[in-house]
Amino acid sequence: MPSPSITSSGLPDGSAASLTGFLHGLPGVDQVGAEARAAMLGTRSIKNDAKSWAIDLAIRMIDLTTLEGMDTPGKVRAMCAKALRPDPTDSSCPSVAAVCVYGDMVQTARQAVGDRIHVAAVATAFPSGRASLEVKLLDTRDAVNAGADEIDMVIDRGAFLSGNYVKVFDEIVAIKEACGSAHLKVILETGELKTLDNVRRASWLAMVAGADVIKTSTGKVVPAATLPVTLVMLEAVRDFHRTTGTRIGVKAAGGIRTSKDAIKYLVLVNETLGEDWLTPDLFRFGASTLLNDLLLQRQRISTGHYSGPNYVTID
Amino acid sequence: MKFEYAAAPESRAVVNIASNYGLFINGEFVEPHSGAFFKTVNPATEEVLSEVAEAGQADVDAAVKAARRAYDKTWSRMSGKDRGKYLFRIARLIQERSRELAVLESIDNGKPIRESRDVDLPLVAAHFFYYAGWADKLEFAGLGDNPQPLGVAAQVIPWNFPLLMLAWKIAPALACGNTVVLKPAETTPLTALAFADICQQADLPPGVVNIITGAGETGRMLVEHPDVNKVAFTGRTEVGKAIQRAVAGTGKALTLELGGKAANIVFDDAPFDEAIEGVVNGIFFNQGHVCCAGSRLLIQESVADQFIEALKSRLGTLRLGDPLDKNTDIGAINSYQQLAKIEELSKSGEDEGAERWSAQCDMPDKGWWFPPTLFTGVTQAHRIAREEIFGPVLSVLTFRTPDEAIEKANNTPFGLSAGIWTEKGSRILHMANSLRAGVIWANTFNRFDPTSPFGGYKESGFGREGGVHGLAAYLKVEDPS
Amino acid sequence: MNALIGKDDRVEIRKTIKLYIGGAFPRSESGRTYEVNSAKGDFLANVAQGSRKDARDAVLAARSAFTKWSSATAYNRGQVLYRIAEVMEGRREQFIAEVQQTSGSTTKQATKHVDAAIDRWVWYAGWADKLSQVIGTSNPVAGSFFNFSIPEPTGVVVAIAPHDSALLGLSSVIAPIIVSGNSCVVIASQNQPIPAITLAEVMATSDVPGGVVNILTGDAAEIAPWLASHADVNALDLTGITDQQLAQQLEQDAAGTVKFVRGPRTDADWMATPTLSRIRAFTEIKTVWHPMGV
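Chains as they are written, first to last, in this note's numbering: chain B, -2 to 312; chain G, 55 to 535; chain F, -3 to 290.
Any given hint could be a false lead.
Think about it this way: if two alpha-carbon atoms lie no more than 27 Å apart in a straight line, the pair counts; the simulated DSS-like pairs of lysine-lysine are [unchecked claim]:
no., chain 1, residue 1, chain 2, residue 2
1, B, Lys257, G, Lys135
2, G, Lys56, B, Lys44
3, B, Lys44, G, Lys380
Think of the hints as simulated: they come from the structure by calculation, not from any bench.
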């Protein structure tokens, strides 16, 4: 919970003094303790019906992603087909939540998926974020105009680490405005923030500035999503909800490759935020290879025997 | 749909419990001279697990005699290097059989398999491994050039960490060249008897370890036996005092690890979420059956309401139930008697005016259970702030200044452990310095390690277990004055 | 000739031998004294016969001195102990005379005894700031924690000084108790109490805070049980108890509040260099855990 700080409303007003006072007044995070808590939750054993349910939920929470320099319309269309129908052999398999692409692929993706799932675009000079605000705004508007209904922006980590919280705050506010009705996911790039104290501060900064979702990583920096980082973000979302009544989403992106890992994240969400957050509206996985592992597990459960890589599609 | 975790029970098939057990004396299981047996029960189901011999005077004599013979003829003459090899063997055998032992511990004790599997058993193996390495290095322990074993050690252990307490007793005793007669608690004898089997698998010379089962009377006969040289006891303070009286004037070496009423002190600048976890782990770990449990929460008034609210909400997520379910956080209370004691003290808390809050839990129909409970509005004058409850019951007190926290924390006849939660380094060191307790956890709680000495101040006992300091309890040192 | 009597024809000023409690020299509250004679049987002094209430006062004084003494820097405690040796050195002749007279030893023996006692204080003085380094440890626990163990004083320690080594034995009992920061209540040798009270005068004039050392004279069999059962006493040193039954009773009394008891020692070689065992006996090991993270 934020310490009762600088403004009467409980939240900072966006001025440098209020942001610094507020963020620096947040309670610290003990790294060892947070890691121990995340590891303990990772030992939860999910079996039978609960496992089947969790696997389908995890599929429904995926932002199926391709963010490569070598992306082509063909590659994007293939991924979109997979996103809509992950397991061609099983019509009961749900679609993923969204596809996530670079801005210039939004139109291709939107044409491929129609209105059936969301199209997310990374914007704001992804992944480094090193561009002027004007460029970032253009990048955002371009994606929205091309049909993206979700924008994944990156924060200016340099500004954050140098204590220029106002710059980060103002950029998020401006991008949020440029998004219009599109949902804004704010990528903290926790692998560059380094400490869990910074993760908590950046989470609050993004939420106060208007993020709909806070997201761990671009996937281009190692480490990407980890359980302790996600735990701290979930705790920030929980506390923000207690303070304001507003539900913010969380997206764990990068590095989550196995069903077992995905289920650990769901346990983390369940035990930190409760079942209300176990919906694609409020929790997402940013992933590419995770989907196939979930499908293999799904087949294992439905057929009773282990499946193999040739029985899931490679897009 | 809710994310209800389906039951994830650990298989019982890995353990094989005999219908009855004799006494482990001189390397063999023997029928008790007493002819008496008692039942050991699964506290989660009230199912009788086995019948276990109740050692009488003749059995205690036989066990001590076997230990004496093994001491004189074998163990005290063996090189430290070879003693160490046996201990290393034991450590490895424990690792190999750790799943079996964890399941057995959970069945007999009621603790969640997550704890017996992830905490107890790894520490048991590590403890033997640590002291194994000391066996041929005792002259480096800082206790003189030629430290010698004491002889036969009589060891009596409690039911809260049955196998871990066995390890804490037997590993250093054997490393130092002593032989032992150990009595496990009457409600949790099974892992000690499984350990006897491990001694056989290790080809440990007969008589070096003897395990005799029984209740308080057996323990009394053991510690009062004239041919033991050392008495080591972990358990209730009242029993510890009786043992100290009994041992008085005999020249037997004595170490006692007794009760506690630890303060877990949370400052307003604490790492909030980790402090919540630490407080939960401090008192609800092992159903609060922990002598060093953080049973008094001292919370700074400026954040008290916020902290207690968050704490309650966290307690609501604890999962109480089948100890063998891998997702269980809170297992069964070890015995009917202990449950009655917890209920009695909790009632006194209500009668004395503290406000009781318990997490909503579905209680199983059979077995002995108590929901995670906290009392607010507790003062130092309440019984629940002074007496050891040894159950999942947290007494919440508040403080305004660091001095007040220190004063309240130290205002108890006990002095086993304490916790400090603050992000301010210098405050941690000041608090650690001022708290009169043997183990101080700063921004963590209930951590254990074989290298880390454990033991209390004041009525929590004397002597240390663990680390190099643990060796002093089992060695005789040349001393001119 | 009485050592307290001057060598010329002057009528000497005799000293009243009183207790040493809280830095002051009170008479016994009981008003009692007992006669102490030299080894040859000459009258030496009427010495205060301490009572249970004197013992109670001494514990109170020791407790109130404990906080400050235990939190003094080790360097400071070392200097205070060394200062005791310095002041003793100045009274060396007096101590020799008293020891010789009360124990009946030769001048040579008494000199050896006193010199060893003074040197013993110097030996222990040097330990004050080395204890933590020798007894303390940094423990390599399996996890991301910094974990260390340090010795701390137990609290208020009651000691029964050896009856047959009036200054050296007494010093060898007191010094290891107070060097780590304990305060103590000592019952001096019943038959040879005079060097103990002279040592108290040394304490009073050598920077030892009042109450850190309290010396009672009288009958241990009468006073010690009250101290052994006293709930505000933390440990017991029975070095000077020769009566086995009394020793057993005191150990039993100590169990009431789980005091650590160091047993009687009848065969001590006080001249030999000690080990650390006396210091260890009256220290607690405190272990502190702290996570290491960023």
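Hint-by-hint comparison with the structure:
1. B/Lys257 to G/Lys135: Status violated; Cα separation ~45 Å.
2. G/Lys56 to B/Lys44: holds, 14 Å
3. B/Lys44 to G/Lys380: Distance of about 11 Å is within 27 Å: holds.
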